[in-house]
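Using the sequences and the hints, build the whole thing.
Listed below, chain by chain, are the residues.
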Amino acid sequence: MILNGLFEKEFKAINIGLVSFKEALHDAEYKCIQVDWSPPAGGDTDVLAALNALSGL
Amino acid sequence: MMAVKGIIKTGEYYDSVSLMLVARALTEMEGVEDATVVMGTAENKQILAASDMLLDMFKDATDTDLLIVGKAGDKAKVDEVIVKAEELLIESKQKKSVSGEHMPKSIEGALDQDPDSTVLIISVAGRYAGDVAMEGLKKGLHVMLFSDNISIEKEKELKEYGRDKGLLVMGPDCGTAIINGAPLCFANVVKRGNIGIVAASGTGLQEVSCIIGNQGAGISQAIGTGGRDVKSDIGGIMFIEGIKALEADETTDVIVLVSKPPAPDVLQKVANVVKDLKKPVVAILIGGDPEVMNAAGATVAKDLEQAGLIAVALSRGESSEGVPASLEARKEEIIKQAAEEAAKMKEGQKYLRGLFSGGTLCDETQLMFKEDIGPVYSPAPIDPAFKLDDIWKSKENTVVDLGEDEFTVGRPHPMIDFLLRKKRIVEEGKDPETAVILLDVVLGYGSNMEPGQELGPAIKEAKEIAAAAGRHLSVVASITGTYKDPQNREKVQKELEEAGAIVMPTNAAASLLTVEIIKILGGK
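Top to bottom, those sequences are chains A and B.
Those letters in the first sequence? Residues 1 to 57, per the numbering used here, in order.
Those letters in the second sequence? Residues 1 to 524, per the numbering used here, in order.
Derived from the structure by calculation, the hints contain no laboratory data.
Treat each hint with caution, since some may be false.
Below, a list of computed lysine-lysine pairs in the PhoX-like style, where the Cα atoms sit at most 25 Å apart [said to hold, decoys possible]:
hint, chain 1, residue 1, chain 2, residue 2
1, A, Lys-9, B, Lys-139
2, B, Lys-139, A, Lys-12
3, B, Lys-302, A, Lys-12
4, B, Lys-231, B, Lys-244
5, A, Lys-12, B, Lys-138
6, B, Lys-260, B, Lys-302
7, A, Lys-9, B, Lys-244
8, B, Lys-302, A, Lys-9
9, B, Lys-244, B, Lys-331
10, B, Lys-154, B, Lys-138
11, A, Lys-31, B, Lys-139
12, A, Lys-31, B, Lys-138
13, A, Lys-9, B, Lys-191
And the structure:
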């Protein structure tokens, strides 16, 4: 199966960031869930690196 | 005395485009000197300091603090700015969530809501985007990374992981893609069909897919990879995965490859894959050596338009041999049109000023000039000897891509915000040496909704300034867009023509007209 069947499955997106990208997909009648994202750990990059190390990312 | 006031809203996060739109609305208020709404990142604080708006209270702010600052003639006015800013921010939050729609806080939450989601689109700041992408891949999602400023090491890690798991990683800095008909980020509305595209160039993908769409043909899949994919560090990982996927895809009959010049080792790798394909391949590798792809059995096009037209012919089971001949016939018409334009010019008018929003279109024009006339000045020239000393000031034949990082600091991309381009059009109109102003107008989702109304007055003004000095200024524009795009190609064309622009169907045609005009005027 190519690309885990991406081309055969219904297109459904998750959008993190610019809301206009979700709106464009909705306008074109595709499904898209907007994530209400904010920078992790208050944007502190040192804490972020430590969290990533802990979560194995 | 000027009054300045600022407030901090802790823990409120907004994306940069929403904030720019709010700031723009505030600066347009009557009596307001300046206003900014930004997240408190180190870069933003530097920008505030440069415009004398870094208040003491902002100095310890962090990435998750929202900073609002206004500058106006009196205290009542700045208070008004702050109130208005808060109103606009609430509006923008409400826009994010359509009536009662639940917004999860994480990818995990989104997958709980719909476990069948397939693609994760990411456009957050580069320093977070890489980790968000890896999180998505680990959850089995294909990734579209619109964000840039991601390290090459991270890009490689993501792409190797994606390849091993059978997942696409489009980007970083991937502006557009079409998957199963869905337009992602800056994409045009093109019907579904049997032509598949793999592109390491955002506007290249848009231009080719629009040409295909406007010929009545359609796209099966258009996979973007981000420009760095075809450099040696990444080695074409996703470009090659994309080709393999299209070869295996039953709905794709013709494969089009679009890229700026790949690194020679990557080009060879791609050619090795192409030579074993059963489906016909059309390649447009702008500025790349055509021989390697020719030897691999691909049909090599000389520009984006030719690539699109050849693909359309092949997709209909026709021979592509007629395409160069029909373009040659059109060239004769264009040469006549160039002679008519050049005849109206005043002595001393001899140079091109190309003001682009699409990087690949800018490269395509540079290349056509180089072949026919000679190199042109640019902030990113093909010939390093032609690097523009001052990016804000043109010299002889000049082309600039206003989407380059040096032009976009602190402002939206020129496909969204036309302010810089409008100013520059008027500036170029004042220069007695300017013969032609060449513009690309890119339509589609994500782009400015009224490009004709935005550019029209600036085009008119530039032409009037030139006319007042006894000059005829040619403004040549191309439109990258389809008749189904939300902006309506026909309407945009009409508005540009009413402003006095000559509108050509593609960037290749617009560049050819410009080349022929400049040739007659001797501007080299």
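Hints, one by one, checked against the model:
1. Pair hint Lys-9(A) plus Lys-139(B) holds up; C-alpha atoms about 17 Å apart against a cutoff of 25 Å.
2. Distance check on the hinted pair: Lys-139(B) and Lys-12(A) sit about 14 Å apart at the alpha-carbon level, within 25 Å; holds.
3. Between Lys-302(B) and Lys-12(A), the direct Cα distance comes to roughly 36 Å. Violation of the 25 Å bound is thereby established for this hinted pair.
4. Note on Lys-231(B) and Lys-244(B): the hinted pairing holds, with a Cα-Cα distance of about 19 Å set against a maximum of 25 Å.
5. For the suggested pair Lys-12(A) and Lys-138(B), the alpha carbons sit about 17 Å apart, so the restraint of at most 25 Å is met.
6. About 12 Å separates the Cα atoms of Lys-260(B) and Lys-302(B), which keeps this hinted pair within 25 Å; it holds.
7. A threshold of 25 Å between alpha carbons decides the hint, and for Lys-9(A) with Lys-244(B) the separation of about 18 Å falls inside it, so the pair holds.
8. Under the criterion of a C-alpha separation no larger than 25 Å, the hint pairing Lys-302(B) with Lys-9(A) is inconsistent with the structure, at around 36 Å.
9. Proposed proximity of Lys-244(B) and Lys-331(B) is contradicted: the alpha carbons are some 36 Å apart, above 25 Å.
10. For the hint pairing Lys-154(B) with Lys-138(B), the CA-to-CA distance comes to about 15 Å; that is within 25 Å, so the pair holds.
11. Between the alpha carbons of Lys-31(A) and Lys-139(B) the distance comes to roughly 19 Å, so the proposed pair stays at or under 25 Å and holds.
12. For the hint linking Lys-31(A) to Lys-138(B), the alpha-carbon distance of about 21 Å falls within 25 Å, and the restraint holds.
13. Note on Lys-9(A) and Lys-191(B): the hinted pairing holds, with a Cα-Cα distance of about 18 Å set against a maximum of 25 Å.
Hint violations for this structure: numbers 3, 8, 9, all remaining hints satisfied.
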